[in-house]
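Q: Residue-level listing of the chains:
There are 2 protein chains.
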Amino acid sequence: MTLTLARTMPGVLELLPPEQIAFQDMLDTIRGNFQRFGFLPIETPAIEFADILLTKQGGETERQVYFVQSTGALSALDRDADEKPELALRFDLTVPLARYVAEHERDLSFPFRRYQIQRVYRGERAQRGRFREFYQCDIDVIGKDRLSVRYDAEMPAVIHSVFRDLRIGPFQIQLNNRKLMRGYFESLGVTSDQQMLVLREVDKLDKRGAEAVRATLIGAPLGLSDAAVARIMAFVEVRSHSHADALARLDALEGGGDLFEQGRSELKEVLQLIRAFGVPESHYALNLSIARGLDYYTGTVYETHLLEHPQIGSICSGGRYDNLAGNYTTSHLPGVGISIGATRLFWQLREAGLLGAASSTVQVLVTMMDEAQLPAYLELATQLRNAGIATEVVMEPGKLAKQFKHADRAGVRFVAVLGPDEQAKGVVTLKDMRKQEQFEVARGELVRTLRVELEQAQVMG
Amino acid sequence: MTLTLARTMPGVLELLPPEQIAFQDMLDTIRGNFQRFGFLPIETPAIEFADILLTKQGGETERQVYFVQSTGALSALDRDADEKPELALRFDLTVPLARYVAEHERDLSFPFRRYQIQRVYRGERAQRGRFREFYQCDIDVIGKDRLSVRYDAEMPAVIHSVFRDLRIGPFQIQLNNRKLMRGYFESLGVTSDQQMLVLREVDKLDKRGAEAVRATLIGAPLGLSDAAVARIMAFVEVRSHSHADALARLDALEGGGDLFEQGRSELKEVLQLIRAFGVPESHYALNLSIARGLDYYTGTVYETHLLEHPQIGSICSGGRYDNLAGNYTTSHLPGVGISIGATRLFWQLREAGLLGAASSTVQVLVTMMDEAQLPAYLELATQLRNAGIATEVVMEPGKLAKQFKHADRAGVRFVAVLGPDEQAKGVVTLKDMRKQEQFEVARGELVRTLRVELEQAQVMG
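Top line first, the protein sequences correspond to chains A and B.
Each residue of the first sequence is one higher than the one before, counting from 888 in the working numbering.
Each residue of the second sequence is one higher than the one before, counting from 888 in the working numbering.
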């Protein structure tokens, strides 16, 4: 028989169990924080009607969409080159959210606070660090008709809580407001069409550097005046160094019309409430170059950076938008949200050597000393499992050294030995694989002892 | 602007948040039990190379496969009707497991115990209760070269633990062994080819009834003798009513050759160990009609039935197979596994009215009494969140009655009121939405009080 080479498509991150456990811990931490902030879970199908996903038509998005066809549809397909398949895979969680809210509007209570942790699919060109299938972890608050800017302050509070708990080093949430930016550019005589180009350009400031950005603003097709560009550059280079500094720098801006003032007032309110949420001021700052690529943001925008690993770029971004689901409903649904690209983040942390030592979800391995005693081993395992301790039992006879090696390789913390001596004495011998210590525990004390040891491990984790 | 109708593809189960929470609870219970039994998590990409998924070629499976193409591939495709797309969506978790084990064989420790909880995709004809995208929750133990039949006894122990914790009523795990069946049929002169047909036929006994099955066995093309059919029917109608009864019924079978005896001995060992695992004997029984449709099972087979809802059919099935990954590796990898179709199970429980009242993941809603006091509300929420209590804050002013209605509608348990009176007295007024009781709690006692109340709620579930 011919063998098929076992392989995955390029652009996916498939993990071995120890890494999968670390990744699952990351997702659980994110989910736990989303829930603690009162966000409700939803899940949507990976497959959606293509016309739902591609309402905007054309552009980058459609070039990356994966279309889906069942075998029946494939053979029935009228093979006209212009005919697109009816189904596609979601490429983000925002479009499905818009469809979800529009479809279930009558059954939802607004402001609707949802979290969603699912995979998305993009037919990217294969490239290191680019994924075709990856997790997004999103939260959004959706208002009916209106949504207070106060909710914009909640996002940094969630981001702070998530990344504090993930323990991946110091981080900073950077804030800006597109009304502030556009209002400021407007006051310099930059037209509405130009503003969008300027936003996209200054957004690259931290990547490309000031000189490159300045050159683009001055050169064709923008061709802004030297004076305007000088003021734009001074504006977008604003970074704050404390809470008071952020407010002072906003007050110091000499701006223009209503849009600018609205942005300034929103940003000040958001800053004040972030502090009220208890976010330490070292964890948030103004960065007036941030615009976020997507045109649908209209107010507050966020990025999050690991201070010791600037090369990683933003690990959590988002912002405020005016209307979520205008393609599917006449209801006006403003919202604010953030997204963590967990697969890419995990990959980057691994690349940067920031992932801790892998530990197993299995906490105890019960060894097999004597086949005839298997029922006693199973009984021991059942006792531990009923106490919530994850336990594996060796079910086939084999050298004890090999059994210990299995535990070690799998990252199991404790190996339990229940030999004839132990059975006679009513004890179990536990070997702590991390400390390389061995000790006897009375059967009646076993669960309590393991719980104490495992809890310490978790705290020290 | 033209609106696109917000809708999902037929054959998907999209849930509103209260149901999504109940579904998530189900998945968490399943996952928790898989982990407690020492199974390790893996996840595989939804998109695989089509040649990996379709090694067996043709048949029912390929007719249900969803093929995937990026836009680039679509336009480049040589539109020859025979050319199949290169990528497809997984239709189960077993084929991806086989590919995973073959691909990562050198990095895995055997016996490899994995759990996997992910969605799978099948282009089924749209039909009530049939899903095109649904969760499977699988565990498998894979041996290298060999795997003791003892592992077959662990599956019912996991099934028992899962369905005990899901609390969906009394259930029974039914066991059989395909060696026992085939050996028995062989002794009646049923040829090897006929055996497969007979297995498929008797597997339908509980659905179609004895008369229909008997008629098929006697009629063309099988055309078995009356005597053989009488003995087959007597065999497949065996059901046990206790542990001792199961062993006695196995002993009472008058069988044939080696294959039969091997099956009998395996089944007896499995029964003995199931008891050693502590599974109460009311929860397992012989059902000698069970064969499972899939031809790749070779030994023990399982089904699980809700005793009070026989119409639901098996809610967890699986069995032993000889070689997992023969399509991808020359290594011999025997295994045993089970699968829970969680989406279908959830849907069936809902249809049968077996889902409890929905409760929210949000535990406390902090009301807004006075806009100026928002920082105090946020501080209160941060205190609760840091204590692990899921808390939502109303951020926009509105009638208090409307805020309570929002909590009620969302299934939030407690509403916290922090008005001027409460602030003066250093207390918070809590309204228990379930008990419809209201009481004041000192700020210093708040976390402790809520924890006690919420834990009681959980225990009372």
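Check before you lean on any hint, since a few could be wrong.
Any copy, or any two copies together, can satisfy a pair, since identical chains are not distinguished.
[Unchecked claim] The list that follows gives simulated cross-link-like pairs (lysine to any residue, SDA-like), each with its CA atoms no further than 20 Å apart:
(1) Lys1031 with Glu992
(2) Lys1292 with Glu992
(3) Lys1031 with Asp1295
(4) Lys1091 with Ser996
(5) Lys1155 with Gly1298
For the record, the hints were derived by calculation from the structure and aren't laboratory data.
Q: One pair to classify: lysine 1155 and glycine 1298, alpha carbons no more than 20 Å apart. Within, between, both, or neither?
A: Close neither inside one copy (49 Å) nor across copies (34 Å); limit 20 Å.
Q: For lysine 1091 and serine 996, with the copy left unspecified, which applies at a CA distance of at most 20 Å: within, between, both, or neither?
A: neither (38 Å within a copy, 46 Å between copies)
Q: Is it within, between, both or neither when you check lysine 1031 against glutamate 992 at 20 Å Cα-Cα?
A: within (9 Å within a copy, 53 Å between copies)
Q: How would you classify lysine 1031 and aspartate 1295 at a CA-CA limit of 20 Å: within, between, both, or neither?
A: between (55 Å within a copy, 18 Å between copies)
Q: Between lysine 1292 and glutamate 992, at a C-alpha cutoff of 20 Å, which is it: within one copy, between copies, both, or neither?
A: Result: close only across copies, 17 Å inter versus 56 Å intra.
In this structure, the earlier hints numbered 4 and 5 are contradicted, and the remaining ones agree with it.
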